[in-house]
Each structure stands twice: as C-alpha cells, then as structure tokens.
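Colleague: This is what each chain is made of:
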Amino acid sequence: MEKFSQLPYFLSPASGQADRIASLTTYFIIAALFVLAVVIGLLIYVSVRFRAKPGDGEPKQFTGNKVVEGFMIGVPTLLVAVFMYLTIDTMANVMPAPAGNQRPDVVITGHRYWWEASYPGTKAIVANEIHLPVGRKLLVHINAADVIHDWWVPQLGAKMDAIPGRTNYVWTTIQKPGVYEGACSEFCGAQHAWMRIKVVAQPEAEFRKWVAQKEQDATTQLSASAQAGAAFFSHQPCGSCHRIRGTAANGNVGPDLTHFGSRKIMLAGLLENNPENLRKWLTEPQHVKPGALMPRFGYPKDSITVLVDYLTALK
Amino acid sequence: MITDVQLPEPKTPLPGATVNSDQGLLMWISSVDHKQIGIMYMIMTLFYLFVGGLLALLMRVQLMMPENTFLAPDSYNQLFTMHGTTMIFFVLTPAILGMAVYMVPLQIGANEMAFPRLNAFAFWISFFGGLLLYFSFLAGGAPDAGWFSYAPLNQTQYSASPGIDYYCIGLLLSGIGTVSTAANLAVTIITLRTPSMKYKYLPVFVWMVFINAFLILAAFPSLNAALAMLLIDRQLDGHFFNTDAGGSALLWQHLFWLFGHPEVYIVVLPPFGVLSEVFQVYSRKPIFGYPFVVGSGIAISLLAFGVWVHHMFATGMGNTVNSFFAVSSMLIGIPTGVKIFNWLGTMYGGSIRFTTGMLFATAFLVEFTIGGLSGISFAIVPIDWQLTDTYYVVAHLHYVFLGGSLFGLFAGFFYWFPKISGRMYSETLGKWFFWLFMIGFNMTFFMQHILGIIGMPRRVYTYPNLAGYSLLNLISSLGAFLMGGSMLIFLYLLYDAIKRGKRAGDNPWDGYTFEWLTSSPPALKNFTILPPVYSFRPVHDLNHPEIGDYQKSDEEKYGTKDTD
Ligand code: HEM
Ligand SMILES: [Cu+2]
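Residue numbers (UniProt numbering), protein chains in the order written: chain A, 1 to 315; chain B, 1 to 564.
Honestly, the hints are just simulated from the structure, not real lab data.
Be a bit skeptical, because a hint or two may be false.
DSSO-like mimics (lysine-lysine), calculated; alpha carbons at most 30 angstroms apart, straight line [what the hints assert, rightly or not]:
1) B/LYS200 x B/LYS552
2) A/LYS66 x B/LYS502
3) A/LYS209 x A/LYS176
4) B/LYS552 x A/LYS66
5) A/LYS53 x B/LYS552
6) B/LYS198 x A/LYS53
7) B/LYS431 x B/LYS525
8) B/LYS198 x A/LYS60
9) A/LYS176 x A/LYS123
10) A/LYS53 x A/LYS209
11) A/LYS176 x A/LYS53
12) A/LYS209 x A/LYS123
13) A/LYS60 x B/LYS552
14) A/LYS123 x A/LYS53
15) A/LYS264 x A/LYS176
16) A/LYS60 x B/LYS200
17) B/LYS525 x A/LYS60
18) A/LYS123 x A/LYS137
19) A/LYS60 x A/LYS137
20) A/LYS66 x A/LYS53
21) B/LYS525 x B/LYS200
22) B/LYS431 x A/LYS53
23) B/LYS525 x B/LYS502
24) B/LYS198 x A/LYS66
25) A/LYS123 x A/LYS301
With the C-beta cut set under 8 angstroms, the calculated list includes, among others, these residues of chain A facing chain B [said to hold, decoys possible]:
26) ILE125
27) ILE163
28) GLU186
29) LEU271
30) HIS287
31) VAL288
32) GLY291
33) LEU293
34) MET294
A virtual CB, placed ideally from N, CA and C, is assigned to each residue, including glycine.
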C-alpha cells in the first residue's frame, strides 16, 4: 500500500488558486457524504423494518405526506443554494478576467504530443519542462497548434483547454518551490497518454537566471564528434520540424532542441533524458512512442552516435 | 365494485396478424408486432452489452499495470471509442426503446403501436446502423476520437482512417430509428389509451416514456445535424469544424452536448419509470408522491436543455456563462435527487419482497445517489476545473449509466421476465448474479474517483507508475473481471429459466398494471376486454377491491388535491 498521505494533487495544493478549489472540494465532500449517509441509512432502515414476513396482509396504502415532501424539496434546495454561492464566489476569485492588454507571464501551446512554453518579453522558448517563479500572480495564456489539448497541473489550480484558434488563460500564484507534475487532460490522439507536464517552480532570482540562460542561442563549444553531429543534423530533414536557435533549424512541429541537453525528461515525460534513451528514440521513434509525429529515418549507427553527442551537448 | 368492461379497438384488424410461428426466422424478420420488436430490441441490446463489455475488459487488461504493452495506443483508442459509442447508442438507447415498445401498449390497454410498420422500420434501421459501425473494423479502422468525437480531432487530417465516417453514418441511421420510435411512442400514448385511462391514471413508466419521447424528438436532431455536418467536412471538404480552415472547434461541442446532455436523461428517465413500477409492486404500496414523480420528470426534461455547457466549463467561456450553467445544472439535481426519496417513501411502511429485481432496484438507490452526487460536483465549476476529463468522470459516468440506467433496466428485466417469457427464473441464480455484479461494479468504478482526484486523466492507454496508480488500477481491473464473470451467470440464468423455469402464470408478482392482465407471454392480440380505469394501478383495484384506489378521492390517491 503506497503512502496515500503523500499523494500530491488535491491533498496538497501549491497555489492560491488550487488552495481555494481544494477547500471548496472539502466542503462538497462533507455535504455529499452526509447526503449519502442519509440515503444509505434510510435504505437500511426501511429494508430491515419493512421486509415482508410470512402471513403479512396488504400494508396500509398511502401515497404521500406533505410534510415529508416539503423536507425532501427544502433540504436539497438549501444545500444547493449554499453551493451556488460558494461556486460563484470561488470562480470570481480563481478566474477573474484579466485586463484587456495585460501581457501574459508565460504562453503555453499544446502540440501533438508535447508542450511549448514561451516567455513574452524574453527570447526563451522551451519544451515540456516549464519553469515558473513562485510568489507572484502569473497570467498563463493557453493555445493549441493543432487539436484540443488541456493544460492541467493539479497542484497549481484550474485546468484549461488549449483550443486551436482561441487564447484561453488561467491564473496561478505558486506558493512554494518544487516540481509539479501534470498531464494533458483532453484526448488529442494516439499519444495523449504521454503528454505530461513538469513545472519547476523556483524563487524569482533563480527563475530569472534560468530564463537568461534559455535566451542564449545554442552552444557552439562542441567536441569533434558533436560537431560531426551538428553537421549531420543540418543536412537532414530534422530542422524542418525542430528548432535549434543560432542554427538554420527553425521548425515548430516538434519540440525546441536549443537546450535539449539540460532537460531531465524527453518525449513529454515518457523517458528520462539520457544518451541511451536518446539513441533508442532516434533509432526507432515509432517503437518508443508509437503515433508520435516523428518518422523513422533509418540512419546508420555511427550517424546516430554523433547525433546523440550533439544533442546532449546542447546545454 | 368494478363492473363495466371495455373493448380495446374492437374493429381494427391487427397488422401483425399475418405472422405465425411456423415461419421461423421469417416470422421475426417480417414481424410488426410490438412485442416481437421489443424482444428483438432486447436481444440486440444484450448482444451489444456483451460486445461492449468485452471491449471494456480488453481495456482493463491494458490498464491493469503501468506502462503495459498489451495493446497498441491506436487499438486502445479504437476500443474506448467503440466501447463508449456502443454502450450509449447500441445498448442503453435501444434498451429503453425496446422496453417501451414492448410494455407501453400493454400498460395502456392497447393492442398495437400507433404505427406498427414504422416501429419495425425503426428497429431494423438501428440494427443496420450498428452493423455498419462495427464494419469499420474491417474497413480500415474503427473510429478513434472518443464517443463524443471532438473537433478538430474528428477531421480527416487528424484522423485519416474511415472510422469516423462509419461513426457518422452508423449513428445517423440509428438516430433516424430512435426519432421514429419516439414519435411512434408519443402518438401511441396519446391516441391508443383505453378510453377511461386519463393522463392522471397513466402508469409511471408510461409517463416517463411519454416525457422521454419529447426529449428524444428535441435532442436527436441536434446530433443528426452535427453528424451530417461532420460528414460534409470529411467527405466534401466542408469547414464547419475544421480549425485549420477557419472552422470552429467549439461549435461541435455545443451541437454535440445540446444532444448529449439530454441523452443522459433520455437513458435514465425510462429506467426511473421502471423502478417506480418495481418499487410499488415489491413493496405492495402505491408510489409515494405520484404527482411529484411525474412533475419532476417534466421538470427534468425541460431543464435538460439548459445545462449542456457544464460539459464545457474548461473551454474558457467566461464566468458569466459558466455561472448560468452551473446554477441550472445544480437545479436539475434537485428533482432528480428528490426521486430517490420518493422511492424510499414507497418502501416505507410496505411489505417488501427482495426478489432479484428488487435487489437491483435498491442497489440502484445507492449507486445512483453516488453518481448523482459526483455529478453535482461537476456543476460546482471550480471542482470541474480540476476533475473534468479525469478518471473521476469515468467513475461518475459509470455510476450514472451502469449503476443508474443499467441497474434500473436489470430491475425491470427481472420484473417483467415472467411476463415476456412465461417462465420464472431461479432466484438463487439471480441473487448470485446480483451480488457478484454489484460488488464487481463498485470495485471497478469506486477506485476511479480516487484515481481522478490524484491526477489520472481519462482516455490514456497507459500511465506512469506514480503513487497509488498501480494498486487502484489493479483493483479496478479485477472488479471488471468479476463483473464480466457474473454476466456468464446471467446468461446461464436465462438459459435455465427458458429451459427449465416454472410456468409463470398471468400475474406472479400480483402486479398493478394492465400487462399483468394478459396471458404470459401475451397473445398476439393483447386484450379482448379491459376493466375501466379509476387509478394508476387498475389491476390492483381489480384484484384487491376492498382496498382499491377507485374508492378513494383524488386527495387520497395522490396525496394532493388534483382536479381533472
Ligand atoms: C465491465 C464493465 C465496464 C468496464 C470495465 C468499463 C470500462 C471503461 C473504461 C476503462 C473506459 C475508458 C475510460 C477513459 O479512458 O475515458 C470506459 C469508458 C466509457 N464507458 Fe465503460 N465500462 C464498463 C461498462 C460500461 C457500461 C455498461 C456503459 C454504459 C452502458 C459504459 C459506458 C462508457 C462510456 C460512455 C465511456 C466513455 C467512452 C469515451 O470516453 O469515449 N461502460 N469504460
Ligand atoms: Cu494533448
């Protein structure tokens, strides 16, 4: 039995918004358990008390009772009224409309099957591992590049659909540094299961440092093998789908690879980022993540080796 | 005392009269008799329940452990799409139609449906719709975008196999059947009631079917239109939902849920009616609050059209829109929830027999309450923002569809089985089936509430090994197999009852409504004479004259003043 107390998500909200939602949920669960207990209690009572016994005649035939019916309608109506108030109040708090021209702190774009984050006002664009600062009320814009996806990091608050042709938003005020996991929550095709999210929340200063680093173009300090990889990369179709800033590669179908070597995960959470996994992926992408939009190219072994060296060097 | 009798439609010849049993299969295929058509619906339903259940078991094998590779992602996506589509359109919808087509003429004292040939047409076109949908497996791949098939994933550039075209055509055909039958049922109830059966004397089941017919007539056209538009997009390069060409992804959701939400009530209102009959007869008391039960059915059917956006709270429609639909969604919870207390009130003071049918009915009270409460949690918008599209929804929808609709249908099935087959079933087998099914059901789906709360999205073919995931999924899969196993007992029970069951006699449960006046199974011509109707349980009045409702004032009959 795993430690349920350690299950994150609802039980340990990490943002002001998730916190509000969690307390509303708690009230609801209490009310729901109460209603359920009343129903089960009554059911057990009548089932035991009024079970037919041999020799019973027809019971007294009655068809209603005004007082009971009044309670039947009154009590649920009252409960509903309370929750309507709490609902509308919490909505206003969690999802107030932003000022028309407010610049978002981060723009998230859902792709099949990975996430892109860009930070307006900076040049930083990253994939899947998304860093955010703590202690500040962040406006997050959410878009989609192809089909509908859904941004959901349970500990950080409301989920929101990423819909092509439309910009949605959520707010989040992250309270403590940490790594928060999430997942795409709207079915988006073959690899919907592996479209997970990792948010790294950091103190403001660390976050700024991270952004500054991500603003850099790709490194040019490469070993001989990595240089061979770079040359190989530039002559193959890779760049039509991937971007490596500072080179001619400028695609946007697949994740940005400018700083690939500094990522902990690859393939939106499917694998840990290490040379061995990368080699597997480059050799047989459709085995590793069937249905992902990267074709198998069938490169020889040594080309893969230099490619791996190149990509891992991109810190 | 009841004296005068009435003849149902004395002069009309029966359209089914040319059918007879030495024609074998041809008798069934050519039949326009409402009872035979009802039985065919039920067989079709049962068949698809097994098919859909099998698909679910395959899914549960895949999800039994993290990062399993039993199924490829593509196959898994086809399976869950076909599972959902099958269960909604080819199990629950035809099941309620089948029961209604079989029982409504009997309960209102008629010998036929208003349009017997339309009735047969509707069945067969639904039947072929289902075949066509399943043909997609052979034709290049089943649909794979989910039963609600969201745009733009349903467009050719994102789902190139012809599966979704089959989805459109299959559902359109069965939709035509559903709408025809709804019209047929409404007209039947309006025109063919035995003359003394006023609306206030309609059995509760008939009331629910009546209300439901209008719900279908209003809801299905929205689906049929959306499907036609989707077909135009896919086949003729239309741009309704194609976002790459300027179409709207949300338009599909609005059209779909304008049908889809009422559909949820479409498949639950008739089971509400069934349960009302079951609770009355097995508690030996009239339903508690008849006018309320009927009135709340009407309220639900009207409100059902004002709540569709609660499936779209996470699409960014803004707080004003969301508040409106949150309020309407919570409101609809009240008449639905209060019905639970009507049934408890019916049991209160009764003399209750716990047959298999009654066990399903009582279990329904608990399962449906759980499903209803989790439903309210989605009306509370901020909770929806966390939980929609997670396994919590999967738990919720199964508590409503399976613990609600299907339990209600099972209750009705066991209640009416002696009437339809002329045989009694074995209560021992029935109870084994009930308990295993019920335990399996709760094992499978209760866990999924927690899975959703701890962050597992739905429609994933696999999941990482996070805390709690593997254990809860394993329990859920084992429960599914328990449920699947219990269905085999159900099959054996049917076989045993038809082969060896005792003769049932006309009225084995001492039932209250007109179907119990006919022979079991009813003859081709249901009725030759009928007693006049003075209350909503005429056969009770006939069999228990000393306490019959006909002696009472409306006030005593219904618990409220009622003039008409
Ligand atoms: C053995 C019994 C059943 C099992 C184990 C089962 C299991 C499942 C599973 C694993 C899913 C996929 C959840 C997801 O990822 O979204 C699902 C979806 C669904 N099930 Fe069932 N199910 C069962 C019976 C039923 C029944 C009886 C009905 C209705 C009558 C039903 C209706 C649905 C619907 C409508 C969906 C949604 C499909 C979609 O997302 O497109 N299920 N079920
Ligand atoms: Cu996605």
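Colleague: Please go over all the hints and tell whether each is borne out by the structure.
Modeller: Cross-check of the supplied hints:
| no. | hint | verdict |
| --- | --- | --- |
| 1 | B/LYS200 x B/LYS552 | holds (14 angstroms) |
| 2 | A/LYS66 x B/LYS502 | violated (43 angstroms) |
| 3 | A/LYS209 x A/LYS176 | holds (18 angstroms) |
| 4 | B/LYS552 x A/LYS66 | holds (18 angstroms) |
| 5 | A/LYS53 x B/LYS552 | holds (27 angstroms) |
| 6 | B/LYS198 x A/LYS53 | violated (36 angstroms) |
| 7 | B/LYS431 x B/LYS525 | violated (34 angstroms) |
| 8 | B/LYS198 x A/LYS60 | holds (25 angstroms) |
| 9 | A/LYS176 x A/LYS123 | holds (26 angstroms) |
| 10 | A/LYS53 x A/LYS209 | violated (79 angstroms) |
| 11 | A/LYS176 x A/LYS53 | violated (63 angstroms) |
| 12 | A/LYS209 x A/LYS123 | holds (13 angstroms) |
| 13 | A/LYS60 x B/LYS552 | holds (13 angstroms) |
| 14 | A/LYS123 x A/LYS53 | violated (80 angstroms) |
| 15 | A/LYS264 x A/LYS176 | holds (21 angstroms) |
| 16 | A/LYS60 x B/LYS200 | holds (22 angstroms) |
| 17 | B/LYS525 x A/LYS60 | violated (36 angstroms) |
| 18 | A/LYS123 x A/LYS137 | holds (21 angstroms) |
| 19 | A/LYS60 x A/LYS137 | violated (65 angstroms) |
| 20 | A/LYS66 x A/LYS53 | holds (29 angstroms) |
| 21 | B/LYS525 x B/LYS200 | holds (26 angstroms) |
| 22 | B/LYS431 x A/LYS53 | holds (19 angstroms) |
| 23 | B/LYS525 x B/LYS502 | holds (24 angstroms) |
| 24 | B/LYS198 x A/LYS66 | holds (24 angstroms) |
| 25 | A/LYS123 x A/LYS301 | violated (35 angstroms) |
| 26 | ILE125 | violated (23 angstroms) |
| 27 | ILE163 | holds (5 angstroms) |
| 28 | GLU186 | holds (6 angstroms) |
| 29 | LEU271 | violated (11 angstroms) |
| 30 | HIS287 | violated (10 angstroms) |
| 31 | VAL288 | violated (12 angstroms) |
| 32 | GLY291 | holds (5 angstroms) |
| 33 | LEU293 | violated (11 angstroms) |
| 34 | MET294 | violated (15 angstroms) |
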